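Peer 1: Here is how the chains run, residue by residue.
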Amino acid sequence: MAFIPFMLAVLAGCLLVSSAALTSGLRPRPFALLLELSIGAGLGAGISSCLYFLMLASGLAGRGSILLANLFFLALAALLYWKTRPADVPPTDEAPPTKISRPSLVFAALVVILCLLPVAIGNLQLTASNPHGLWDAWAIWNLRAKYLAGEGEAWRYALSPLLDKTHPDYPLLLSGFVAQSWRFAGGDFSTSVPIAAGFMFSAAVIAILASVLALQRSLGLAAAALMVLLSDQQFLTHLGGQLSDIPLGFFYLSSIATVLLMESTAEPGRAMAALAGTLAALAAWTKDEGIVFALVFLVCFAALQFWRGGVTRLRRTVPWSLAGALPVLALVGIFKLVVAPPTNPLTSQQAGEAATRVFSANRVWMLIKSLWAFSTERGAGVAQPWLVLALVVAGLGFLKSPPLKKVIVFGWVVLGLLFGGYCAAILANPTLLGNPWVAPFDRMFSQLWPSFILVFFMTLRSPDEFFQKAPVAVQPERIRKRKRQARRAPG
Amino acid sequence: MNARTARMHAWLCLAAAMGLATWAALTFLEFSTVNARESPDPWAIARQVERFAPLRSELPPNSIVEYYTDIPYSRDSGGVAAFFGACYALAPHLLVYQPKTIKPELVVGSFLKRPDLVQLEQEQGLVLVKNYGRGLMLFRRKGN
Chain F
1 MAFIPFMLAV LAGCLLVSSA ALTSGLRPRP FALLLELSIG AGLGAGISSC
51 LYFLMLASGL AGRGSILLAN LFFLALAALL YWKTRPADVP PTDEAPPTKI
101 SRPSLVFAAL VVILCLLPVA IGNLQLTASN PHGLWDAWAI WNLRAKYLAG
151 EGEAWRYALS PLLDKTHPDY PLLLSGFVAQ SWRFAGGDFS TSVPIAAGFM
201 FSAAVIAILA SVLALQRSLG LAAAALMVLL SDQQFLTHLG GQLSDIPLGF
251 FYLSSIATVL LMESTAEPGR AMAALAGTLA ALAAWTKDEG IVFALVFLVC
301 FAALQFWRGG VTRLRRTVPW SLAGALPVLA LVGIFKLVVA PPTNPLTSQQ
351 AGEAATRVFS ANRVWMLIKS LWAFSTERGA GVAQPWLVLA LVVAGLGFLK
401 SPPLKKVIVF GWVVLGLLFG GYCAAILANP TLLGNPWVAP FDRMFSQLWP
451 SFILVFFMTL RSPDEFFQKA PVAVQPERIR KRKRQARRAP G
Chain G
492 MNARTARMHA WLCLAAAMGL ATWAALTFLE FSTVNARESP DPWAIARQVE
542 RFAPLRSELP PNSIVEYYTD IPYSRDSGGV AAFFGACYAL APHLLVYQPK
592 TIKPELVVGS FLKRPDLVQL EQEQGLVLVK NYGRGLMLFR RKGN
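For the record, the sequence lines run as chains F and G.
Mapping the first sequence onto my numbering, position 89 (from 1) lands on 89, and the numbers just tick up by one.
Quick note, my numbering runs 491 ahead of the 1-based positions in the second sequence.
The shape of chain F in the complex, shown without the other chains (with noise of 0.2 angstroms):
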């Protein structure tokens, strides 16, 4: 019962990336198919999510509203996809089918078995043995999701000022996600709910990161990149944790493959702009540093916009993505500046004392220290992600003229933005630097640690072009005689 809003929510989200057309003539199909799935899972869980919290604030979350919500959502997405399909996306067959070689069809199987499916089965464990999740799932977003989904005004008491030692005024993409859920089961706050929400959002990480890679450069390439991906051992245990910061991660990544899908079609489409909008804007809903990304990444998508193709590329799509954006982060702008209570210790500083912070060499010289220790602490003994990464660069090269430059220079320069308005928030504020209990490095990697890959791999060589044979020269009988006396010849 408590996944029928959840699965609605799935499915509509489904609909409206296909209407988006964002894989359109792209091969191999399964991993359009998959990128598809993946991204609209997230993009359906956070658009019901926000429509939880409007029928919330407006009194009408009962079970009925909640089902119509969702089936309003799923009929909207579903006459989006009727209407845009068939004009968008040509027949299947104009597309060249692409052969995978059979080396990289192993390499890919065996990062599976290898690699994969040993997370994929610790992860179930750590779920079993932890099925309320890690600290912050019960202290902070299944707490309250609970209230969110407690009955009449409960879910107040998630904004409450009295919250003040658990951060009231978080976004609530997550929380309001799962409410939704146990609301609509009548109060049953069943474990698995959050549990398969957490799962979900892992799973698309994995998923388009391996299927944007496959389906833009290589199968090799995509097990690579996985392969560099799931030795992160911090990253592992986050993504089975329950947490924010894995759904906040997948944000980031959808919305970076979503412009790189685009940009490599000739023409652009209105409705990929929207979608990307709308995936950076659910970043700010589901943490406070998705605000920061939202923000860079629509400047930086104008700019990129202005770069390709100057004022008319600007004016065709830059609306569009606002449009996809602008909704979402209305809804943020009225959550954190009228509803949620001011506890945010870096926010409610003067600004003076923030700089000073910001500027104190000794504070610099911690975060330089803690940001070195975190990140490379985050392997198995001797073997670290930097390490796996190394060889892996080692081994194929860089490329020297990969494609999609620009959007790959938009990608760093977001990733950029970001860790430094990462940086400038833990310097400047007062809590988090040197305080044992709090791990803001730890997520911050996690969360920005698939879109880092992404980008990364984009300019690697292809080990596909190393998995075929080498041309061997056929010398002439003549030569190979020659070579024979040559070496039967005394001295």
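Quick caveat, the hints were computed from the structure, so don't treat them as lab data.
Computed from a prediction, not measured in an experiment: that's the story for all the values here.
Cβ atoms here follow ideal geometry from the backbone N, Cα and C, with glycine treated the same way.
Treat the hints loosely; a few may be bogus.
The list that follows gives simulated cross-link-like pairs (lysine to any residue, SDA-like), each with its CA atoms no further than 20 angstroms apart [what the hints assert, rightly or not]:
no., chain 1, residue 1, chain 2, residue 2
1, G, Lys591, F, Leu162
2, G, Lys594, F, Asp164
3, G, Lys633, G, Pro551
4, F, Lys165, G, Thr560
5, F, Lys165, G, Pro563
6, G, Lys591, F, Asp169
7, G, Lys591, F, Pro341
8, F, Lys165, G, Gln589
9, F, Lys400, G, Ala497
10, G, Lys591, F, Asn344
11, F, Lys165, G, His500
12, F, Lys165, G, Ala572
13, G, Lys591, F, Asp164
14, G, Lys591, F, Arg156
15, F, Lys165, G, Lys594
16, G, Lys591, F, Thr166
17, F, Lys165, G, Ser554
18, F, Lys165, G, Asp567
19, F, Lys165, G, Tyr564
20, G, Lys594, F, Pro161
21, G, Lys591, F, Ala340
22, G, Lys591, F, Leu159
23, F, Lys165, G, Tyr588
24, F, Lys405, F, Ala303
25, F, Lys400, G, His500
26, F, Lys165, G, Tyr559
27, G, Lys591, G, Ser565
28, G, Lys621, G, Pro551
So the derived label-pair ranges between C-beta atoms look like this [said to hold, decoys possible]:
no., chain 1, residue 1, chain 2, residue 2, range
29, F, Arg315, G, Glu521, 51 to 57 angstroms
30, F, Gly420, G, Glu614, 49 to 55 angstroms
31, G, Arg528, F, Glu153, 41 to 47 angstroms
32, F, Leu54, G, Arg625, 38 to 44 angstroms
33, F, Phe306, G, Arg528, 55 to 61 angstroms
34, F, Ala361, G, Ser530, 39 to 45 angstroms
35, F, Ala355, G, Thr592, 29 to 35 angstroms
36, G, Leu550, F, Ala57, 23 to 29 angstroms
37, F, Leu326, G, Arg528, 48 to 54 angstroms
38, G, Tyr623, F, Leu105, 55 to 61 angstroms
39, F, Ser360, G, Val620, 50 to 56 angstroms
Go by the hints and put chain G onto chain F.
Peer 2: Okay, now just chain G, sitting in the frame of chain F:
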């Protein structure tokens, strides 16, 4: 570097990377197996949910209740985990610890040691309403 050497070099590097990645994945699998066997649910959240269930069901809808405990509120003592675990177990009722702005009528007591009820009534004004066992009690604040 000729094509054959470059190919060999790439294969060797990828094989080494796969070896390390496999090592990382298996280490994670071992960690989760040991964790599941030796310290499942380290903060005892499932036990808290079960322990607080009878009290939760008997509270008036959407109550705000105060938390009173003999465990010091620090990470090292487990007091912070016990408080947040209790918050999670009692939600959607709101549990507050030493609130500055309100004095809730109902107080949930969570104790490691048997409390002196007479002393609690005299010093804190807490009158026992019901003892749920396992160190869990519901009090009413005197004077309300």
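Peer 1: Per the hint of 51 to 57 angstroms, is the separation of the Cβ atoms of Arg315 of chain F and Glu521 of chain G within bounds?
Peer 2: Hint holds: Cβ distance 56 angstroms, inside 51 to 57 angstroms.
Peer 1: Would the hint linking Lys591 of chain G and Arg156 of chain F be met if the CA-CA limit is 20 angstroms?
Peer 2: OK: Lys591 of chain G and Arg156 of chain F at ~19 angstroms, within 20 angstroms.
Peer 1: Range first: 38 to 44 angstroms. Now tell me if the beta carbons of Leu54 of chain F and Arg625 of chain G are that far apart.
Peer 2: holds (41 angstroms)
Peer 1: Taking 39 to 45 angstroms as the stated bounds, is the beta-carbon spacing between Ala361 of chain F and Ser530 of chain G within them?
Peer 2: holds (41 angstroms)
Peer 1: Cβ-Cβ distance between Ala355 of chain F and Thr592 of chain G: within 29 to 35 angstroms?
Peer 2: Given about 32 angstroms between the Cβ atoms, the range holds.
Peer 1: Would you check the hint for Lys591 of chain G and Leu159 of chain F, treating anything up to 20 angstroms between C-alpha atoms as holding?
Peer 2: holds (17 angstroms)
Peer 1: Holds or violated: are the alpha carbons of Lys594 of chain G and Pro161 of chain F at most 20 angstroms from each other?
Peer 2: holds (15 angstroms)
Peer 1: Below or equal to 20 angstroms on CA atoms is what counts here, so check Lys165 of chain F against Pro563 of chain G.
Peer 2: Cα-Cα ~16 angstroms, so holds.
Peer 1: For the pair supplied as a hint, Lys591 of chain G and Pro341 of chain F, confirm whether the alpha-carbon distance does not exceed 20 angstroms.
Peer 2: Distance of about 16 angstroms is within 20 angstroms: holds.
Peer 1: Take a quick look at whether Lys591 of chain G and Ser565 of chain G sit within 20 angstroms of each other, Cα to Cα.
Peer 2: With Cα atoms ~19 angstroms apart, Lys591 of chain G and Ser565 of chain G stay inside 20 angstroms; holds.
Peer 1: Mind checking the alpha carbons of Lys591 of chain G and Asn344 of chain F for me, to see if they're no more than 20 angstroms apart?
Peer 2: holds (18 angstroms)
Peer 1: State, for the Cβ atoms of Gly420 of chain F and Glu614 of chain G, whether the hinted interval 49 to 55 angstroms holds or is violated.
Peer 2: holds (53 angstroms)
In terms of the numbered hints stated before, the structure departs from hint 11 and from no other.
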